[in-house]
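Chemist: Sequences listed follow chains A and B, in order. At position 36 of the first sequence (counting the first as 1) the number is 56 in this note's numbering, and the numbers step up by one without a gap. At position 55 of the second sequence (counting the first as 1) the number is 59 in this note's numbering, and the numbers step up by one without a gap.
It should be emphasised that the hints constitute simulated quantities derived from the structure, not laboratory data. Do not rely on the hints blindly, as some may be mistaken.
What the hints assert, rightly or not - Partner residues are not named here, just some residues of chain B that face chain A (Cβ under 10 Å, in silico):
1) 5
2) 6
3) 38
4) 40
5) 58
Claimed, not checked - Subject to a maximum C-alpha distance of 30 Å in a straight line, what follows is the list of computed DSS-like cross-link-like pairs (lysine-lysine):
6) 15(B) <-> 97(A)
7) 99(B) <-> 15(B)
8) 99(B) <-> 97(A)
9) 93(B) <-> 15(B)
10) 93(B) <-> 36(B)
Unchecked claim - Listed next, with one range per pair, are the computed distances between beta-carbon atoms:
11) 72(B) <-> 74(A): 13 to 21 Å
12) 48(A) <-> 89(B): 38 to 46 Å
13) 9(B) <-> 46(A): 31 to 39 Å
14) 40(B) <-> 161(A): 44 to 52 Å
15) 51(B) <-> 66(A): 44 to 52 Å
We put the beta carbon where it would ideally sit given N, CA and C, even for glycine.
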Amino acid sequence: MAEVATGPLAALLDRRAIRLGETAADREDAIRRSGAVLVETGAVDPAYVDTMLARERSVSTYVGEGVAIPHGTLAGKDAVRRDALAVLRFPAGVDWGGEQVVVCVAIAARGDGHVALLAQLAEILLDPERARALREATEADEVLRLLKPVDEETDS
Amino acid sequence: MTTIQGSDIRKIVVACDAGMGSSVMLASQLRKQLGKHSVAVEHTPVEHIPADADVVVVHTGLAARARAVAPEKVIVPFQVFVGDPAVAKVVAAVKSGGAVDG
């Protein structure tokens, strides 16, 4: 499975930013943890995390199938150092304004480097089987395989 | 309330706060669904809705801001990022004709 960790996806989704056994007390805690991973992996400055919370207060980032995509506001873009994602899985679930979130795909983006990956995530959300596989993933390789943009498959 | 016919739609803009998350995802879905039609799909922050947008698709929570920024545009609010009926209606209007109100 080593080949899945090459190419644009690997540059965007650092293996160290895939955390599959997380716990969070509530939605804010889950967002803070997601933001902390982006900070740890050098994708954003700590100030970004507050804009993630601000964004969540204006419109929920819940996107269906137990997945949320927390990210900052327009004002937060200055705190982004590079386009990057983090995947955090909360096996026990987190209450998200009445929805139950198991997977957070946290986003930091200045440009459009992450567009293909989000397109792939949308495809997963439209496919209940793949969505379940994402919610139940216990290996980083499984997450990378699921999120790999289809047009990247011939690159490796 | 503004109305546009599906056949007159040339550019759809998906607007959200930062233009980095949910709008990106929805725009990618629209591009895929409208691949055969000559309709441009862009995603932008709500404050930066381009002047040549024909339809602006925006989350319900940001619809008021979108209307303030682009009062003359057809604004289509949606609730769900993937598979929203309001968005499906826009796609259907482009594909098969019909009016989009917003």
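Chemist: Next, verify each hint and record whether it holds.
Modeler: Verification of the hints:
no. : hint                         : in the structure
1   : 5                            : violated, 23 Å
2   : 6                            : violated, 23 Å
3   : 38                           : violated, 14 Å
4   : 40                           : violated, 17 Å
5   : 58                           : violated, 22 Å
6   : 15(B) <-> 97(A)              : holds, 26 Å
7   : 99(B) <-> 15(B)              : holds, 14 Å
8   : 99(B) <-> 97(A)              : violated, 36 Å
9   : 93(B) <-> 15(B)              : holds, 15 Å
10  : 93(B) <-> 36(B)              : holds, 15 Å
11  : 72(B) <-> 74(A): 13 to 21 Å  : holds, 19 Å
12  : 48(A) <-> 89(B): 38 to 46 Å  : violated, 31 Å
13  : 9(B) <-> 46(A): 31 to 39 Å   : violated, 46 Å
14  : 40(B) <-> 161(A): 44 to 52 Å : violated, 35 Å
15  : 51(B) <-> 66(A): 44 to 52 Å  : violated, 25 Å
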